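Put the two chains together into one complex; each comes in its own frame, and the hints tell you how they fit.
Going down the list, the protein sequences come from chains A and R. Every number in the working numbering is 155 more than the matching position in the first sequence, counting from 1. Every number in the working numbering is 9 more than the matching position in the second sequence, counting from 1.
For the record, the hints were derived by calculation from the structure and aren't laboratory data. It should be emphasised that the depicted structure is a prediction, and the values quoted were computed from it without experimental measurement. Glycine included, every Cβ here is placed at the ideal spot set by N, Cα and C. Any given hint could turn out to be false.
As the list claims (entries may be wrong) - List of simulated lysine-lysine pairs, DSS-like, C-alpha gap at most 30 Å:
(1) R:Lys-173 to A:Lys-327
(2) R:Lys-289 to A:Lys-308
(3) A:Lys-296 to R:Lys-289
As the list claims (entries may be wrong) - Chain A regions said to be covered by chain R (calculated; three or more residues, Cβ under 8 Å):
(4) 201-209
(5) 406-416
(6) 426-436
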Amino acid sequence: MSEQRTTGPLHGRVALVTGAARGQGRSHAVRLAEDGASIIAVDVCARVGDTPYPGATPADLERTAELVTAVGQRVCLEVVDVRHLGSLTDAVHRAADELGGLDIVVANAGIAGGAPIEAMEASAWQDMIDVNLTGVWNTIKAAVPVLRRTADKDPSRRGSIILTSSANGGIKAPPNLSHYAAAKHGIVGLVRSLANELGPEGIRVNSVHPTAVDTDMIQNAFTYKLFRPELESPGKADVEDLFRSFHSLPIPWIEPIDVSNAVAFLASDRARRITGITLPVDGGLSAR
Amino acid sequence: MASPGRQLEGRVALITGAARGQGRSHAVRLAEAGADVVLVDICADIASIPYEQPRSDDLDETKRLVEAVGRAAIGVVADVRDAVAMADAVDLAIDQFGRVDIVCANAGVIQLKPSTAITTSDWADVIGINLTGAWNTIAPTLAPMIERDEGGSIIITSSAAGVKGPPNMAHYAAAKSGLIGLTRSLAAELGPHRIRVNCLAPTTVDTDMVHWPEAYRIFRPDLDSPGRADVVDVFTALNVLPVPWIDASDVTDAVAWLVSDEARYVTGIVLPIDAGTLIK
Chain A
156 MSEQRTTGPL HGRVALVTGA ARGQGRSHAV RLAEDGASII AVDVCARVGD TPYPGATPAD
216 LERTAELVTA VGQRVCLEVV DVRHLGSLTD AVHRAADELG GLDIVVANAG IAGGAPIEAM
276 EASAWQDMID VNLTGVWNTI KAAVPVLRRT ADKDPSRRGS IILTSSANGG IKAPPNLSHY
336 AAAKHGIVGL VRSLANELGP EGIRVNSVHP TAVDTDMIQN AFTYKLFRPE LESPGKADVE
396 DLFRSFHSLP IPWIEPIDVS NAVAFLASDR ARRITGITLP VDGGLSAR
Chain R
10 MASPGRQLEG RVALITGAAR GQGRSHAVRL AEAGADVVLV DICADIASIP YEQPRSDDLD
70 ETKRLVEAVG RAAIGVVADV RDAVAMADAV DLAIDQFGRV DIVCANAGVI QLKPSTAITT
130 SDWADVIGIN LTGAWNTIAP TLAPMIERDE GGSIIITSSA AGVKGPPNMA HYAAAKSGLI
190 GLTRSLAAEL GPHRIRVNCL APTTVDTDMV HWPEAYRIFR PDLDSPGRAD VVDVFTALNV
250 LPVPWIDASD VTDAVAWLVS DEARYVTGIV LPIDAGTLIK
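Just chain R, same shape as in the assembly (with noise of 0.2 Å):
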């Protein structure tokens, strides 16, 4: 069978991020396979980060939808760059629900910028969101993922812009290219104990993250106020396939894939789900 079916019936997966665009894709995906889910979102404005982050309505709703495939879900208002809080929801979830066997270390946000104007607290929230985050949010899992001796799949959000180095993006590339190191240091110390670590390299996802008035402004600085439609064809230019940006579906069904056993000896791979960008 192609499909996950109820394959994770059982499981138990934290996902960070898990308000809006990807994390609310691959919470609900992972419900419907079967599993309980800890969703983790800040649900709050960060000041450096030039577009609206979710509220606590949005983290509400991906808990509607979970509840709405029959699982159960816990929502956690966190800010992954607290290692504290990030371990007490970790032991919330264990609480709970007796375990944890999937990560989905999805958080991450962005800016646009030469690196001339990067200052030294933008660095330290990009850095600290997108890599020390994702360290903070798998590092409290692993030892009673290890104790329980189940095996276990974690699966980090990189980017393709952690496989290439595209400009104006000095900090995000530097997080994302640090998420591929942990990932293989990970998956060759986990594998032992069976627990598989990969990561994924989205190309441009429709999300929140991509759409905002300053990013299409950089995109297409002849226009005065460019919209969405007029950035189509500069993302459009940097796939092979035949689309400006990919669907945050399209990154759930290699999640969904990634953490099934279809893949269960696939550890330490960089996926690109990239229409193609990397090898243009």
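Okay, chain A solo, but in the shape it has when bound (with noise of 0.2 Å):
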């Protein structure tokens, strides 16, 4: 392991990412991790119900722990279902008590499908409610008395709550995508309810909403074949002008470290008069 760096605006601070053993939680862990803090890395590592493609891996998550050790932080893994409030709980405490605190929370976990009404098994709907938003509710609930007892020893450290909400399933909502729509749209409600009631005592209560990621959860058979059906077996290339004309700026998806840079700048100090915003990283999609 390298030397703990003792600079960057994060410095100090300790931030926990659900959904942390690949895609945009990985990025987000090296982020935070590059801006100082250490890292309380959580993932299910295992394909959660019928999701349409490959689970992550303890590999995954063990790669995620060496970025973060690359750029001379500590980190914590814990290998948990975001739907166990009792062992996240359990996890985030246990992990907090090694890092010494936690100022930052980046509920990420999450998984995607998409089937028309008639053809959706109320399974799929259960899973995608689980996971999307019981499990965002779970992991700051598992998090708030830790955040408190944090800025209790030291009231410089306020709490940031980032939650990973989505602009085509948290402000726009498409066709098929019912159950993922009202995950993401429910977590709006996580945020503005919960910065009501947090942000008297400084902790603060945001969500990202980005469109379509470059990661697994979109790239995979499953998401070709929903968007280009009269295709019999679409690849990334069929569906990249569609997905680009769903932008203003003339992209197609972005990457997982342009979420990751908003969620940085909404847990640093820079954002400190921010809280109950849905901010969009999106290409523009949602406001045209």
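Next up, the structure:
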């Protein structure tokens, strides 16, 4: 392990990131570590329900840890399902004790899927709500007592909670995503109510609303077929123009780092007066 | 890296309302990040506006602050309502610096009065400065920006009052709300040219626009001559975070993020820096 960095705007802070094994979560963990934070990296490291793409693996989570360590920060790994409040709470408390409190919570873990209402299984609805909405609430529920305890000991450590919603699911709501849109819109309700609830003590709550991000969650055969049903086995190139047409900027999707940069902004003192906001990172998708 | 460092090296920013307050704060920060700046301000009082406007000394001071961090600055005394003067300011910017990459349409004024007391000329002044003034600032920059084909970032200062509609500022809320429509339409239109357009929705900012005797009396009608300390609780009650107002630098932090490559795919957004007032 390299020597721990002693600089950066988040030096001395601790950040919890769920869904940290890969994709956006891994990127957030590394980005916040680059800014000086120690990281609690949580992932279920398994396929969830019938999600139409492979699950993350323990090796993925280990890789996140290597990347955090490589930028000189400490990391605690916790293999936990955000649907299990008890084990999530235990994990967050244990890791925060080890790393010296908790300042930043990035409730990022989420799944994708899609089907018309008649074809959507009740189990698909339930998995989606359980992971993408209840899992977010569980994460906050587990973290808030630790955020408070940390702030009590050191008033300069004011918590920042960042929830991953979606531009397409949490602002707009296209067809065949009823479960996803319900969960991601629900996150907006969590942001606003909890921002009001926790704001008086200086804990901020905001959400980010990415457009399609270039990760496994959308780059898979299921998504390609959902968007290009007329093709027999469409690939990435077959959806690129269509995805580009969703945006004002000439891009088909964004990179995980673009979301991480928004997360890092909201986590930092640069956003010390920002709470209750729903921040699109969406190439103009939701404003058109 | 979180700080923009010198990532605006070689870029040029046009900032209106730059003599003091938020505009000055934006100018200095963008200069610290490497940009040369063109600073526009009216530098004269406006008859219908019930607090003093800055003077040319103030604009000179902003220029001095920019030069002190090693960047070039041009000061232009102009009224944003004057489309010809604003086009001239943009021409001057391009003459001197070769380009305009960043526009901060920040100039704005406020009056606080019930709508029954808003006169036709009050309406014309507030809409003219806050809404048409932003258009006059942005419009002449667009053709050269498109032609240069290197993208750009336009930041329009709206207000939390442009999202909600507080009482006793019908013209102000209308203008600030109009800026949100301007932001979204321009973002959709200019996105293909990689020109990003976003707007800011601050809560009360601790500047001269807020602190004037008549404003204090409106918020504390129960007192004979209320002062700054007398309105702290009233303003704090508007926000979720326990602060009466925010600093200009808090808005500048958002500007610095929006103009940076960290926000390269952020366009068409309304960014509240509002201590939670919009969701309260």
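Verification of the supplied hints:
With a CA separation close to 21 Å, the supplied pair Lys-173 (chain R) and Lys-327 (chain A) stays within the 30 Å bound. A threshold of 30 Å between alpha carbons decides the hint, and for Lys-289 (chain R) with Lys-308 (chain A) the separation of about 28 Å falls inside it, so the pair holds. Restraint check for Lys-296 (chain A) and Lys-289 (chain R): satisfied, since their Cα atoms lie roughly 21 Å apart, inside the 30 Å limit. Using a Cβ-Cβ cut-off of 8 Å, 0 residues of the stretch 201-209 of chain A lie near chain R, which falls short of the minimum of three, so the contact claim is violated.
Restraint check on the stretch 406-416 of chain A versus chain R: 4 residues with Cβ-Cβ distances below 8 Å, three needed, restraint holds. Requiring three or more residues with a Cβ within less than 8 Å of a Cβ of chain R, the coverage given for the stretch 426-436 of chain A holds, as 10 such residues are present.
Of the hints listed earlier, the one the structure fails to meet is number 4.
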